[in-house]
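Peer 1: Note that the protein sequences, when read in sequence, are chains L and X.
Residue 428 in my numbering is what sits at position 169 of the first sequence, and the numbering runs on without skipping anything.
Residue 105 in my numbering is what sits at position 91 of the second sequence, and the numbering runs on without skipping anything.
So the derived label-pair ranges between C-beta atoms look like this:
hint : chain 1 : residue 1 : chain 2 : residue 2 : range
1    : X       : E85       : L       : R295      : 36 to 44 angstroms
2    : X       : R195      : L       : A273      : 22 to 30 angstroms
3    : X       : S75       : L       : G447      : 41 to 49 angstroms
4    : X       : F194      : L       : E265      : 28 to 36 angstroms
5    : L       : Q444      : X       : R195      : 35 to 43 angstroms
6    : X       : Q139      : L       : L404      : 46 to 54 angstroms
Derived PhoX-like pairs (lysine-lysine); straight-line CA-CA distance at most 25 angstroms:
hint : chain 1 : residue 1 : chain 2 : residue 2
7    : X       : K130      : X       : K147
8    : X       : K147      : L       : K365
9    : L       : K277      : X       : K130
10   : X       : K197      : X       : K130
11   : X       : K28       : L       : K535
12   : X       : K197      : X       : K156
Take a look, some chain L residues computed to stay more than 12 angstroms from chain X by CB distance:
hint : residue
13   : T304
14   : N328
15   : P397
16   : L407
17   : L416
18   : V418
19   : V442
20   : Q448
21   : L470
22   : I475
Keep in mind that the hints were calculated from the coordinates and are not lab data.
Every residue gets a Cβ at the ideal spot worked out from N, C-alpha and C, and that includes glycine.
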Amino acid sequence: MTVAIENASARAIAAGIKPRRYGSWYVAEHRIRGFRSYYKTLLFTAVGSPFMYLFALGVGLATLVDRQNALGGTSYLVFVAPALIASAAVTAAVEECTYPILMGFKWNPIFFGMNAAPISGAQIVNGIFIAVLARLLPTTLIYYLVMLVFGAVPSPLGVLDIPIAILTGMAFGLVIASYIATVEQDVGQPAFIQRFIVIPLFLFSGTFFPLTQMPIFLRWIGWISPLWHGTELGRVVSYGAVEPGWLTLVHVLYPIGLCVYGWRRTQVVVARRLNK
Amino acid sequence: MPSPVIAAKLLTKKYKGFAAVDGISFEVEPGESFGLLGPNGAGKSTTMRMVGAVSTRTSGSLQILGLDPNEHGPEIRSQLGVVPQQDNLDMDLRVRDNLIVYGRYFGISTSACAAKADELLEFAQLSDRRKSKVDDLSGGMKRRLTIARSLMNDPKVLLLDEPTTGLDPQARHILWDRLFRLKEQGTTLLLTTHYMDEAEQLCDRIVVVDKGTIMAEGSPADLIRTYSTREVLELRFGSDNNATVATQMFGIGDRVEVLPDRILIYSNDGDGDLDRIHANGFTPVTSLVRRSSLEDVFLRLTGRSLIE
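The following block holds chain L by itself, in its conformation from the complex:
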């Protein structure tokens, strides 16, 4: 090899160091810059939806439920709040884990552009997920503050509702991302996921009533749903709901497991599609 080409190789090796190390962050930065184009919608949803839900359910519906003392002394507002914050995180996470991935391959195929630069498929996935986190953090923080305003969090430990909701959202979103990444023909899968996975799980994950109220043959819906695990965990920290210690551990480990699975699987699928 001549000196010229040796120099060119050495320059390339040096130029590869930063992208290899920080590539995921560059992708996140790109996504977050993209948020700017719809930040008003994001902000309005993040602030408006807690007020709407807490008022309708925690104040409106609660007047009926609390009259029956159905929850053994716990007010309905306090009972439902941890479920609502987790649901808000799930909604935002699912949104950020479907359209950006579907678009990134097809309608706004920026993934191919990123990959033509030194960024790997795995880094693209990391960056997208970091951006999801970046959206969930303010979403849940605002939700939590509104919950405080409504007096929905009796325990100071309730602040843990924020990371719990984020974990729940990520568990849900990352698994969906791993499926969405495989979609080559968009024939309405995101709407299908929304209607037949997100909404049923939202309704039947012990969100509005304890899972024990459902017939035993339907309770599995809650058991497999990260939302149920997140909600139950939120209730433990928010007002000291009583449950066996092992179950609390399951509520922590199960969503973490889903996150790890969804993350790794999405990385594999995205890399395979980009590097055919």
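Chain L is fixed; fit chain X onto it per the hints.
Peer 2: Same frame as chain L, now just chain X:
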């Protein structure tokens, strides 16, 4: 002699047994402008994706800047500029932001990216559109923006996959002018095209590719000299008559090709041959004498037109 910037030996890519690229070998020297000419589906884009270190080869060897893309993908890509066949600009971002986020992928600081973006918008004649939405740009402007984006990292090699497909003639000429400037500045260009005029305008050296293999290699002038005559006489006798008349063109030109809409006579003296045809009593509906082009080379090598 300097070492090649790109060296491919028996490069092969198979998809489920089908060889999209079937053992091609070529070398590109620093500063050279090298073209892969062939019809759609010839394996040009697949070759580009392998050289671009995004697609893994099935077999053969490949070195870019002395590195193997299997081990040094990100390192190689840090030195390349890529203009893909399909624009993949971010529609959610404005023109200038597209350049800035892209520059960041190479680890360039945001402030350096901003300065570079302004410089390249000038080069791409898009300064007045810096705050526009990408969607509002014309096809030619999007291509120029994509080229500007590919230059954010001062690439040693620029890969252009069908750079002017779908553009109107004026937009193509503006683009060629920009690419020609880059070539003058010493950037190595590797481009694919199925436009012979594009290959003639931009390439120092060409390989003609068909069905995943290389049919011929040389400068545009060399290829024309080797595989065609100096001039071509194009005659039209009407679609139904071309084939019949062609059989009666004995002794005229070096070679006769019949296409569905016209007859091509390869000749070193087009006007002289046209006179002889008239003298023999043939009266074509239209006639045209032109210089041979790479299209003729391709027709000779494969028996087919470039654009079908």
